[in-house]
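Undergrad: Chains as they are written, first to last, in our numbering: chain X, -2 to 430; chain Z, 15 to 313; chain G, 3 to 298.
Hints are computed from structural coordinates only; laboratory data are not their basis.
Treat the hints loosely; a few may be bogus.
[Unchecked claim] With a straight-line cut-off of 20 Å between C-alpha atoms, the simulated SDA-like cross-links for lysine to any residue are: (1) X:Lys249 x Z:Leu174; (2) G:Lys126 x Z:Ala43; (3) G:Lys188 x G:Ile233; (4) X:Lys119 x X:Leu322; (5) X:Lys133 x X:Tyr420; (6) X:Lys191 x G:Ile233; (7) X:Lys249 x Z:Ile153; (8) X:Lys106 x Z:Ser69; (9) X:Lys72 x G:Arg83; (10) X:Lys191 x Z:Tyr177; (11) X:Lys218 x X:Tyr420.
Just so we're clear, the structure is a prediction, and the values are computed from it rather than from any experiment.
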Amino acid sequence: MRTRRRTKQFVLAATVAAWALALTGCTAGVAEPSGSGDEVSLTFLVSETPNLTAQYWDDAIARASEKVPGVTIKKVVGENTPAYAQQLFASGQAPDIFATGIANGLAQKGMLAEYTRDEMEKAGVTDFTSGTINGKFYGVAVGAQAIPLVYYNKDLFTKAGISDAPKTYAELLDDCAKLKAAGITPFEIGGGGKDTWATNFALASAVAADVLTVDPGWFLKRAKGEVKFSDRVFVGAAKKVQDLTQNGYGDKAAMTRSYADLEQAFLGGKAAMYPMGSWFAAAADKAKLTNIGVFGWPSDAGKSAVPTVSGSGMNVNAKSKNVELAKKWSLAFATDKQNRDLGVITDGDIVTVKDYEIPGNVGAVYKETVKAYDAALAAGATVPAWANITGDGALPPGFSDLMTAANVDLLTGKKTPAQFAQYLDQKYAAAQK
Amino acid sequence: MQMQNKYRLAPRNPLHVLLFAVPGAVLYAVFVLWPLLLALWSSFTDEDAYRLTTSFVGFDNYGRLFTDPAYLQTLRNTVILALICIVVPNALGLGIAVLLDRAGWAFNVMRAVFFIPVILSSVVVAVIWQQMLKDDGLINASLRAFGVADPPGWLSDPSLALYSVGWITAWQAVGTCVVLYLAGLQSIPKELLEAASIDGAGPVRRFRAVTWPLLAPSVTIMTVLSMIGGFKIYDQVKVMTNGGPGVGTTSTLAFDVVRTGIDAGAVGYGAAKAAAMFFMIAAISLLAIRVMRRREVDL
Amino acid sequence: MTAEAGVGHRTSGRRQLASQIEAGRAGPARTLIALILTAVFIYPIYLVVLNAFKTQDAIYRYPGLPTLSLTWRNFVDVLTRPDGLFWTGLINSVQITVVGTLLSTVLAAMMAHYIVRSTGWFAKMLWVVIPLGVMIPPATTLLPLLRMMRDLGLIGSVFGLIVLYVAGSLPFGVLVFTGFMRTIPKELEEAAAMDGAGPVRTFWSIVFPLLRPAGASVVIFIAVGLWNDFITPLIILGPANGSTITVGMYRQISEHVSNYGAVFAYMVLATIPILVLFIFMQKHFVKGLLGGATKG
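The shape of chain X in the complex, shown without the other chains:
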């Protein structure tokens, strides 16, 4: 009797196992190259966010595919970081096309296909400076970003009796003092846990203003070892950042906030200024705020820093089944008017495609951001967004994580600016290959 019951149980378990195995069979296996006849099937790695939803990608892919016959695109969803791309290559799972720029490190190893200037010009690309690697093109630069600009709350400025955005660093400090005296936290600088990277924007701003407005090629020289972080000019910028928090100009609760909470805090008026990438314009406009202005972090001499970078995404796997077609499709995808419009609305992209016109329904903060960008461009005053660029002059792989951690020590006063710079020099040397 007992044995029979056991047998029954065992049969049940076996059936469950068999059923589950059968299901496994259905979903297992890497993307099969299906495609009948002349159709080429290519995989396209994207990352879905609340701004760039599944629906957005599906529609955008469909529009590009319409223009390039003979291609079927299979969307795969993953993270858009170089480290993750590296893993995909290491594990033989690399897709044909990467939506977001991951070229640095991989291009040098010959893993990505090169675009020619000719094919890019034909497609309407106008930016040939961003994201180059050893002077060659591995991605398509169509949407520029300014990282970071300083967004500020006009209402809070008015409350503290400040009428204009600061033009020099002395004015900025003066404004901070006024804000603090009025009981307003001047800066929202922070980010904790996996969002610790968000703490970097103050440093990124100060270095852009003090180092790069004087010498835009500073980080190219750093790569060659001609300059060092411990040089007076870099240490000076680091000291400014430390002084801000040591003087109590930062939001005390910000250091453990997630990135999303940080944004909420500034939108909610918890602090007057927020150094952040130009994508913040989209969030501010979405919240329908009209009291947000923007300026470039000023240097002592009164130059304002507008650090820019073009996301040179649409990197093509050199081992793709059909590199030419993959490039052609990528260019079509990158320059599609509607795709770019969505980039503008959802991510605050500053589009650089030839003859592109900004859609009419953009928000006020976006318009201000573009104005600041255009003005800097016209004056020849833009500098590379040193912490975010992916091509020549980019920080070596793994260095950003270390810099982020050390920057927290700088902000909390655990490292002096000189110690901070020395640490960076040491880690930079180790990270250079």
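Use these hints to put chains Z and G onto chain X, whose structure you have.
TA: Same frame as chain X, now just chains Z and G:
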């Protein structure tokens, strides 16, 4: 002859090895041991994900390891976490087990409640506690409501963050200890406790003289498991502090291995860190198991 | 101490368990202290469940308090995501957990039987080598594993992940089962062998049923481990074939948006299946732990 065949025990039947031991052993060798050997091998090279050439460097990576102050800090962090993971859940678990060692549906429910964190993903636990512990999180909000003007930065103060990570790991492990110690307590023959009572032993003395020695094997097992768990901490650090605040204040061995070998692409050096970690865990575990076995003989 | 004597002690201990529970009644002071302690301990979980039913606005304003307007909205959001993050994760996780747990439990039980009953060198070697597996932190072998899986063509597949899990969970199962198996008298099997049963039948009809309490704790621990594992599926499964429920949760969290309600709702949904499993196996589970604990 035939009789003997019939009496033959399963263990001496060749089918026994083939069906019972070989399939598992093959899987284990291919998917557990072999990768370990590969990792060991690459720890003797300077392999790097972002460079084309790789060469053999002997023990260089290991030499670098123990002169690297950042690594020594990571080691220290991990030892502290492992100690927290041994002491806190075991002490709390034992206390709660003694408290809950009573009949009734309410106590049944409470026993189950303590086990809930055990079945949660450590990612979930980390996210929940991050909400509680951040500077303007619930704990500090409550402290402020009670008049504490400047509550501690549980995750932002470099000298506190490590202990916060230790606490949430311990919190998740308490349930296992409670269940285990309850099981141990309930297996203690009542006669022994009664006999001790008759001899005039009070509750404290009864606990020390009867309960504690009988629980000892449970305690040693939990100590070894907690310690190994403490040495492996990764998810909590990744989610809650990302190794910070600041340089390496909560970096653990596992976190450092992933950051070096995968994020920064230093495969060879990362593998040396991984191998060192494995040898440390293995050595301490073997030591602990020896101690455990000796104790069991005493029983 | 012989195996038989050990069993004698154990069974009397277990019989004791029932009477002990009947005996001890709690006084009001103890009940009150226990209730307060339990409430404090579980408060963070309560918070998650509570906030899963609140609107975004309410979470921000009154994070720790129940509000009047509770909503299903967050659950609907998670379940109806256009990319089906939750559902594909659920299907994958159920397959992986069910198949992986069953296979590794059975394999571990069989191997434990071999280790305990055989006196040969192979059994001795296994008993030395297998426990090493418990000590290998997953982070250490991830990279070589990744390449190996690629070369075997198992990368990106649920099947490959299951194979990995079966091999990886084996040491834990073997450790628990051998401890338990040593307490089972050989004579039972000898009697079955005398009746002409082969090793397989002896094992299935005599030994395996006796392992049930230990089996329950092995199943629970392995199932919880597989269900909650994060880093292995993140890397082995890759982006092409969706994710598991835990990796999906990370994606839900890592999005740069402050939709905590949906995150909490996802957490609750992702925990329900494993909670149900635990509740069903709870009784056996405690017994198994008891066996493993008192006998090593």
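Undergrad: Now look at each hint and say whether the structure bears it out.
TA: Hints, verified against the model:
1. X:Lys249 x Z:Leu174: holds (16 Å)
2. G:Lys126 x Z:Ala43: Holds - the C-alpha atoms of Ala43 (chain Z) and Lys126 (chain G) are around 16 Å apart, at most 20 Å.
3. G:Lys188 x G:Ile233: violated (42 Å)
4. X:Lys119 x X:Leu322: Holds, at about 15 Å.
5. X:Lys133 x X:Tyr420: Violated - the C-alpha atoms of Tyr420 (chain X) and Lys133 (chain X) are around 32 Å apart, more than 20 Å.
6. X:Lys191 x G:Ile233: Satisfied, since the Cα-Cα distance of roughly 15 Å is no more than 20 Å.
7. X:Lys249 x Z:Ile153: Answer holds: Lys249 (chain X) to Ile153 (chain Z) is near 16 Å, not above 20 Å.
8. X:Lys106 x Z:Ser69: holds (17 Å)
9. X:Lys72 x G:Arg83: Given pair Lys72 (chain X), Arg83 (chain G) holds - Cα atoms ~17 Å apart, limit 20 Å.
10. X:Lys191 x Z:Tyr177: The hint holds at about 18 Å.
11. X:Lys218 x X:Tyr420: holds (18 Å)
Hints 3, 5 from the earlier list are contradicted by this structure; the remaining hints agree with it.
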